[in-house]
Amino acid sequence: MRRAGGIAFRVGFVGFGCFILSLAAIYYYSRDLPPLSALDHLQRPAQITLVDVRGEFLTRYGQLHGEPVMVDGLPPHVVQAFLATEDRNFYHHWGVNPVAIIRALIVNLREGSVRQGGSTITQQFAKNVFLTPDRTIKRKMQEMLLALQLEMTYSKDEILAFYLNNVYFGAGTWGISAASERYFEKKPDDLTVGEAAMLAGLLKAPSRYSPSASPDAARARAGVVLAAMVDAGYLKPEDAETITSQRIATVSRRRNPAPYATDYAMAALNEIMPQLKHDIIIHTTIDLEAHKRAQAAIETLTERDTRVAADVQVAMVALESDGAVSLLIGGKDYAGSEYNRATHALRQPGSAFKPFVYLAALEDGRRPDDIILDTPVELSDWAPSNYNDKYYGAVPMAEALARSLNAAAIRLQEETGRDEVVAVARRLGFPGDIDPGAALALGVNEATPLDLAATYLPFANHGVTAQPYIITSIYTESGKVLYARETRPGRYVVAEDDLIALNHMLRQTIADGSGKAAALPGYVAMGKTGTTQESRDAWFAGHAAGVTGVVWLGRDDYTPMRDGWAPVSGSGAPALLWKDMMIAVLDDRPDLPYTPWQPQPFLPSIFDQFRGLFSRNDMPADPAVPYDASYEMTAPPPADRPLPRAQVSMDDLVADVLEEEAAASTLPQGDELGAFLNGQLAEPAAAGPGPESGTGG
Numbered sequence: 001m002r003r004a005g006g007i008a009f010r011v012g013f014v015g016f017g018c019f020i021l022s023l024a025a026i027y028y029y030s031r032d033l034p035p036l037s038a039l040d041h042l043q044r045p046a047q048i049t050l051v052d053v054r055g056e057f058l059t060r061y062g063q064l065h066g067e068p069v070m071v072d073g074l075p076p077h078v079v080q081a082f083l084a085t086e087d088r089n090f091y092h093h094w095g096v097n098p099v100a101i102i103r104a105l106i107v108n109l110r111e112g113s114v115r116q117g118g119s120t121i122t123q124q125f126a127k128n129v130f131l132t133p134d135r136t137i138k139r140k141m142q143e144m145l146l147a148l149q150l151e152m153t154y155s156k157d158e159i160l161a162f163y164l165n166n167v168y169f170g171a172g173t174w175g176i177s178a179a180s181e182r183y184f185e186k187k188p189d190d191l192t193v194g195e196a197a198m199l200a201g202l203l204k205a206p207s208r209y210s211p212s213a214s215p216d217a218a219r220a221r222a223g224v225v226l227a228a229m230v231d232a233g234y235l236k237p238e239d240a241e242t243i244t245s246q247r248i249a250t251v252s253r254r255r256n257p258a259p260y261a262t263d264y265a266m267a268a269l270n271e272i273m274p275q276l277k278h279d280i281i282i283h284t285t286i287d288l289e290a291h292k293r294a295q296a297a298i299e300t301l302t303e304r305d306t307r308v309a310a311d312v313q314v315a316m317v318a319l320e321s322d323g324a325v326s327l328l329i330g331g332k333d334y335a336g337s338e339y340n341r342a343t344h345a346l347r348q349p350g351s352a353f354k355p356f357v358y359l360a361a362l363e364d365g366r367r368p369d370d371i372i373l374d375t376p377v378e379l380s381d382w383a384p385s386n387y388n389d390k391y392y393g394a395v396p397m398a399e400a401l402a403r404s405l406n407a408a409a410i411r412l413q414e415e416t417g418r419d420e421v422v423a424v425a426r427r428l429g430f431p432g433d434i435d436p437g438a439a440l441a442l443g444v445n446e447a448t449p450l451d452l453a454a455t456y457l458p459f460a461n462h463g464v465t466a467q468p469y470i471i472t473s474i475y476t477e478s479g480k481v482l483y484a485r486e487t488r489p490g491r492y493v494v495a496e497d498d499l500i501a502l503n504h505m506l507r508q509t510i511a512d513g514s515g516k517a518a519a520l521p522g523y524v525a526m527g528k529t530g531t532t533q534e535s536r537d538a539w540f541a542g543h544a545a546g547v548t549g550v551v552w553l554g555r556d557d558y559t560p561m562r563d564g565w566a567p568v569s570g571s572g573a574p575a576l577l578w579k580d581m582m583i584a585v586l587d588d589r590p591d592l593p594y595t596p597w598q599p600q601p602f603l604p605s606i607f608d609q610f611r612g613l614f615s616r617n618d619m620p621a622d623p624a625v626p627y628d629a630s631y632e633m634t635a636p637p638p639a640d641r642p643l644p645r646a647q648v649s650m651d652d653l654v655a656d657v658l659e660e661e662a663a664a665s666t667l668p669q670g671d672e673l674g675a676f677l678n679g680q681l682a683e684p685a686a687a688g689p690g691p692e693s694g695t696g697g
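Read in order, the letters of the sequence shown correspond to residues 1 to 697 in full-length UniProt numbering.
Please note that a few of the clues may not be correct.
[As the list claims (entries may be wrong)] Here are the simulated DSS-like cross-link-like pairs (lysine-lysine), alpha carbons at most 30 Å apart as the crow flies: (1) 516 with 390; (2) 236 with 186; (3) 187 with 127; (4) 292 with 140; (5) 140 with 156; (6) 140 with 186.
[What the hints assert, rightly or not] Ranges between beta-carbon positions, derived for each pair: (7) 380 with 267: 17 to 23 Å; (8) 477 with 344: 40 to 46 Å; (9) 476 with 423: 45 to 51 Å; (10) 344 with 158: 47 to 53 Å; (11) 476 with 245: 42 to 48 Å.
Keep in mind the hints are simulated off the structure, nothing from the lab.
All residues carry an ideal CB built from backbone N, CA and C; glycine is no exception.
Whenever a hint applies, use it, and build me the whole structure from the sequences.
As C-alpha cells, this is what we get:
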C-alpha cells in the first residue's frame, strides 16, 4: 500500500512539474505574441497597375488579392479539395491536432528530413499572418498558442475563410478569388472539381506546380488531390478517374508588351513615392501600340538582315518634345535578358556626337555653307581617318556632316576649340565627365540611348531642354489623386539661328547623306548616324514632328558586329529601325512647320565653280548636298554675327589661288571671268594634269 502510494505521489509530482513547466513555457512564449486584433488591420503589399498614355492596361506589379469569400458561398467540392489535402479533421480538432503532430514527428525521424508538417489549417493561417517562416521551437510554440486563441475567438467557418482569402497560390496571387481569376478567369463559386483540385494542389509548392510554368506537374498534383478527396470520402473513384482523364484548361498570364518601359516606370515610382500604402494605378506616357509595332520591326529586321546576329542587342527610345517617354525598349527579348540597355548601357555614340561639334562651330560664327577641309590631319601621334578611307578636300560644313567625314569633324573641332565643344554638349545635357581628348568629335565619351535622346531633344524643341519622364499621374483605385506631374519649364540652350542652321544640316544628312535609309515619307526628318570603331556600336539619332528618337545596336560584350557580308553601321539597320519606330510613334500625326535655313547666295556659287581647285583627286565633281536656289536671302545677313575664323583663312585661300592662276594666265580675267562662271566660255586647258572627279553622293 505504501509502495503504491509512493508511485502515485511520484507520478503526481512529475505531472505537477510538467504542468508548471507547461505554464512557464506558455508564459515565456506568449510574452511577445501578436494580438488577434491585428486581423482587423491586415496590411498587404500594395498592388500597382500601369496603364499607357491612352489608359490601356499595360501590366500589374505586386501581389494580386481578390474579393474575400465566405465558406457558405463556395461549392462543397471547393472546400473539400482543400480539406482533403490540408486538414481532414479541421472541423473536429480545437486548433492543434496532437495525433497529426506525433505522426509527422515519426515520419520525419524515420526519413531523416522534414516530410510532414502536422500543422492544422488554423496553425497554417496563424503562421502565414502573424509569424515569420523561421523553423524554430519558439515559432512553433507561438503558432500553436495562436491557433488555440483563434479557435476560442472565431468559428470554424470564419477561420477557414480567413485561410482561403490569405493563402498564397503563386504568380503573385493571394487568396482563392485572385487565384481563380488568374488561372481560370472565373469566380471561386464557378470552379469545377478539377479546377478546385488544381488550386488546392498549388499550396504545397506554388512555383513547382504552377499551371502556367509547369502544366504537366500541375495536372499530376491535381490528380493527387483528387485521390485524397476519394480517400476522404468526398468523391467517388469513378468520378475522380473521369476528371483526371479530362484536360483542365488554364489561362496564360497576360504578356507585358512593354516590359523595359514599365520597369523604368517602376524605378521612377520609387523616386516619387518610396512608401506605398494603397493599391495604385499609374498613368504613364508609354504608347502601347507603338511598342507593339516597334517590337515587330525589330523581329522583322533581325530575320531579314543577316548582318544582325542573334546576340546583337537593340535599344530604342522616343521622347515627345516635353520629355514624355513614348517608347523605350531595352533589348530584343525581355524573357532572355531583363537588362535595360536603353537606360543603363553606357556606350560610345560615335559620329552621333558630331552635331555638338557643328553646333559649337555655328555658335562660333560659321554657317552650313562655310568651307572646311576634309584632308588627312594629325594630332600628336594620332591620325583619324574617314569611314571609307577617302578624303574629299574642301567641302561645305553641311556636306561634311551629311557624309559624316571624320577628318573634317576633327579639323572643325580643333579650329572651334575642344572646350567649346564640351561646353555645348554639357549644356544640352550630355552626361558624365566629358573627356576633351583629341577624339572628342568622334564620340568616344559614353552615354545611354536615353541620355543621347535627351541631349538631342532641344533640336526638336525650339532649342529648349526637357527632362525625360514616364509617369503623369498616380491614383488610388477609388480615384483619389496621389500624384500629378507638374509642368517643368526647360532651359533655353540653343539660339534660334543656330538651331535652324543645325537642323538644315541634319536634314541634309537624311536627304542626301549617310542617313538616307531613315527618310520618313510625309515628314521633314533630321538625324545623324553613328558607328564606333570595328562596328562595336551602331546608332541613329534624330527627330521629326517634335519627336526625338534614338536607336542603338551592339553586343553586350562589346565585340564587333562583323558577322555578315558587311559590318553593321548606323546608316543600315539602326536607320531602318529608327524609321519604323518613328512611323509607329508619329502614327500619322501632322508634321510641324519647318523653317528652312537661308544661305548667303554669293560665296557658295563662286566656290561651286572653283571647287575642284582645292580638292584632292578623288573628290566628287558635284557636291553631295545640292544648292537650293529657293533658299536665297532677300536681305543681307545679320551684321552682328562674328566672322568665323575658318572663313577668314578660306577667303585668303580663294584669293591666293585666283592670284596665282591669274599670273599664270590659265584662267579668264575680267569680263571673261564672269562669262566663264556662267558657263559661256569653255574651261581653259590646265598647265598640268587636271583633277580627277570622284563619284557623287
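> Any hints this thing doesn't respect? Which numbers, in order?
Replying inline: Hints 4, 6, 7, 8 contradicted; others consistent.
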